[in-house]
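*Asks:* What follows is the residue order along each chain.
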Amino acid sequence: MQRVGISNKKSPLKKRRRRAIIAFEMIRLDRASSEPLHQQLYRQIRDELRSGSFSDGASRLPSSRALAADLGISRLTVNLAFSKLHAEGYLRSKAKSGTFAAYPLPDTFLSADKPVAHPATESSFRISDRVRALPDHRVGQQFDLGATGAGAGISLVPSIPAVDEFPTGVWERLRTQVLAKKGAHLLRYASNRGDADLRKALAAYLCDFRAARCHADQIVIVGGMQQAMLITATALLNPGEPAWIEDPCYQQTTRVLTLAGAKIVPRPLDDQGIVIARSRKEPLPKLIYVTPSHQFPLGVTMSFPRRTALLDFARAHNAFVFEDDYDAEFRFTGPPLPSLQGIDNSGRVIYAGTMSKILCPSLRLGYIVAPEPLVDSLIKVRSAMDQHSSPIDQATLARFITEGFFLSHIKRMRKIYSERRDFFIKQFNKLLGDRFTLQVPEAGLNIVAWLKREEDFPMIRRITLDIGVRPSTLSFFCIQARLKPAFVFGFAAWTPAQIRESLVKLASSLGRAGIL
Amino acid sequence: MFNKKSLPNKRRRRSIIAFEMIRLDRTSTEPLHQQLYRQIRDELRSGSFSDSASRLPSSRALAVELGISRLTVNFAFSKLHAEGYLRSKAKSGTFVAHPLPETFLSPIKLATARIGRSGSEIWPAAKRPPRIADRVVELRDQRVGNQLDLGRTAAGPGISLVPSIPAVDEFPVAVWERLRAQVLARKGTHLLRYASHLGDPDLRKAIAAYLCDFRAVRCDPEQIVIAAGMQQAMLIIAMAVMNPGEIAWVEDPGYLQARRAFILAGAEVVPKPLDDEGLMITRARRDPLPKLIYIAPSHQYPLGITMSFQRRQTLLDFARAHDALIFEDDYDSEFRFVGPPLPSLQGLDNSGRVIYAGTMSKILVSLFAFGIHRCARGTGRRHGQDTQRD
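As given, the protein sequences belong to chains F and R, one line each in that order.
Per the numbering used here, the first sequence starts with residue 1, numbered consecutively.
Per the numbering used here, the second sequence starts with residue 1, numbered consecutively.
Misleading hints may appear alongside valid ones.
Listed below are the simulated SDA-like cross-link pairs for lysine to any residue, each with C-alpha atoms no more than 20 Å apart in a straight line [unchecked claim]: (1) Lys-182/F / Glu-177/R; (2) Lys-415/F / Ser-88/R; (3) Lys-187/R / Gly-169/F; (4) Lys-430/F / Glu-419/F.
Derived from the structure by calculation, the hints contain no laboratory data.
Note that the structure is a prediction, hence the values are computed from the model and not measured.
Model the full structure from these sequences, guided by the hints.
*Replies:* Structure below.
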């Protein structure tokens with residue numbers, strides 16, 4: 001700490017009023033502080049200017065040389081503080097005269113007058129019908145496992161990927177390279193279609209590994225699967241037009257289609273997938289939402305005959321099929337069937353995928369592969385919705401795919417999930433096999449456990465909520481379907497040790513409750 | 001490589017794969033371990049090792065054979081392991097995995113008869129153009145996709161003086177990236193998960209403080225919802241409060257994207273004229289009442305009018321009297337060049353009828369695409385629900 005006064009010896013008498021040099025007697029620099037000296041100096045001069053009466057614009061600042069000498073600091077430090085004050089508009093320079101306090105100070109343009117506070121009056125709002133119609137009135141935090149931590153407390157939640165395996169180091173390195181190469185270009189408004197390199201890379205990946213038939217211009221980059229659904233439904237459906245969905249179904253599908261104003265028609269499932277047969281009275285669908293690779297939440301893989309039947313139906317009735325291929329990459333038995341998009345030859349399939357399960361959910365990136373005549377309409381909707389996803393993330397993902405990290409990550413994660421899945425099945429059958437029957441799907445990050453005795457359901461449900469082992473109930477995903485009671489377990493985000501711990505906790509709680 | 005250890009009776013089960021095809025190029029920019037990984041992987045894929053009894057040479061033997069460090073070999077092996085190409089068996093060594101990971105990734109190839117052969121045959125049904133939703137047909141501005149993409153042509157060379165383009169080259173990328181690295185290091189995988197629909201609590205707190213100090217907004221962090229830019233804020237509000245066919249007033253001339261967002265939400269957009277005090281509230285008795293009034297009071301876009309204090313009061317009285325909501329778009333009020341700003345409408349409002357929204361697109365840059373909107377008291381939860389569209 002040092003105390004420094006600045007004397008005024010240089011100013012000639014006749015100019016004293018016009019060119020009064022501000023004396024910064026209040027400046028106290030603390031060398032022990034973690035705040036850099038130039039920042040302390042900047043902050044104290046700024047506060048002094050704001051509080052002081054220097055608004056006549058004629059108050060000169062001491063020269064940086066004089067101030068440095070006075071404060072016993074380097075001139076570089078003073079210059080750093082001065083240049084920041086300059087840049088922000090607190091100072092102005094006048095050729096051959098020195099540096100003056102600016103008038104008006106920048107705060108003038110920023111600070112609105114405080115209005116007199118009025119007491120708030122109550123008022124009620126009419127919320128739109130579509131928002132009222134949204135099922136599931138939990139808001140805001142249901143996915144926010146972060147705060148509680150997926151590890152600590154809550155476990156076996158379905159559809160949560162293992163984000164701790166995400167190669168953050170590689171990603172950040174590519175991001176830095178991309179930023180260095182493309183620079184300010186990535187900070188601007190960008191194309192509504194998405195990054196051109198990313199679309200090219202995705203087209204190649206989808207053709208090779210999902211047997212899709214597409215080119216880069218059919219791809220639209222979106223902010224995840226839900227936005228893909230919202231854009232598609234908004235582009236295709238007038239309010240009140242029917243959309244078929246699987247029942248039980250991914251709960252967000254119901255919500256998004258409701259928001260888009262669709263009339264939702266739940267369709268039952270059999271062991272081959274969605275049931276197409278319908279009574280004559282039922283209205284024809286305009287859009288059919290399916291998860292053919294493995295149905296969510298039941299895990300059924302749509303059979304090949306059903307796939308062709310669905311496509312024939314769509315063609316015959318001028319409907320579109322929305323193929324949600326959300327984590328088809330994680331397959332554990334045998335080769336995958338080709339995507340619906342790949343066997344469609346009449347341009348009726350809208351294929352969508354997401355990075356949420358393959359990479360990580362907070363990336364908020366997904367893609368739509370649309371039939372060519374539809375692409376422009378989808379882009380128009382996106383451009384009225386939120387323009388585009390982060391160009392930096394898109395460019396980074398393009399590099400991540402083209403340089404082979406993407407496929408390598410998928411293979412690595414498939415192996416990890418495969419081991420966790422096998423471990424889960426083994427432990428589950430050992431500990432809870434007396435009360436549950438596991439239905440093991442060929443793919444995906446979830447497993448359905450059917451109750452052997454239906455009357456146990458309410459008690460088991462309460463126990464899962466109490467102990468923080470949180471499988472979803474199957475009924476949560478049902479719309480009209482009346483299925484036997486079951487739970488949908490997620491195994492992906494937890495290590496074998498955590499899986500074991502959770503299952504032991506569940507088994508012992510059930511044992512105490514007299515169920516096991 | 002020869003096979004001196006294997007006993008004759010085990011030769012078939014434990015045949016050691018000879019990687020005679022491996023050629024490492026020390027002058028290549030591709031690291032040696034990556035070359036080795038790639039070549040072994042391709043060899044395994046092409047080879048006939050699927051009986052899972054084919055053993056790999058030990059990393060020591062392979063390192064000697066190829067004249068490289070054992071570390072390099074181990075690096076390649078561990079990557080092959082992690083991806084599922086190899087499996088280890090205790091005390092027996094490393095074997096080729098069966099099935100190889102490709103099995104689960106590569107879909108069955110179908111006979112081309114069913115699916116047609118190439119380009120021109122793919123879309124025979126395109127004769128019948130798809131039926132597009134009416135609201136999308138109604139969207140003004142038929143240019144699609146690239147109109148805002150000044151990046152390629154760049155604001156410098158070729159195209160210039162386009163309205164509403166901020167100077168992104170002044171954005172402190174270095175500071176931003178440093179903070180990003182710190183945040184990632186501190187919060188780690190928490191930031192990779194699904195997150196709150198309302199937005200990051202720290203960000204909401206910081207924005208509430210900023211708005212109270214500088215925009216004379218009266219709010220607390222619970223009223224703030226983070227959205228992806230101004231358009232998404234408009235769309236969320238329009239969807240939350242308007243039924244299809246209900247009236248939204250917009251300024252004429254005004255921000256084109258406001259009109260587009262309201263049309264997308266199914267609203268009927270009614271343009272209202274402006275005078276030198278801002279939006280004109282007068283209307284004929286027959287005109288239907290608006291449910292939502294969109295305004296940019298700080299400085300109207302594109303004319304730049306600042307709404308007068310009297311007009312602000314009149315507008316609030318009108319909204320209260322007719323049960324309408326006001327959407328206050330405060331999009332770049334920070335960049336004021338003459339005199340102090342008027343307080344935001346939100347701060348003047350005492351009946352909870354103003355939804356305040358701002359965006360970082362002009363202050364920072366578009367990629368961060370935060371936007372903020374302040375939900376009028378009482379509707380906060382509903383709006384939160386709406387944002388789950390993500």
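*Asks:* Each hint: holds or not?
*Replies:* Here is what the structure says about each hint:
no.: 1; hint: Lys-182/F / Glu-177/R; verdict: holds, 15 Å
no.: 2; hint: Lys-415/F / Ser-88/R; verdict: holds, 14 Å
no.: 3; hint: Lys-187/R / Gly-169/F; verdict: holds, 14 Å
no.: 4; hint: Lys-430/F / Glu-419/F; verdict: holds, 17 Å
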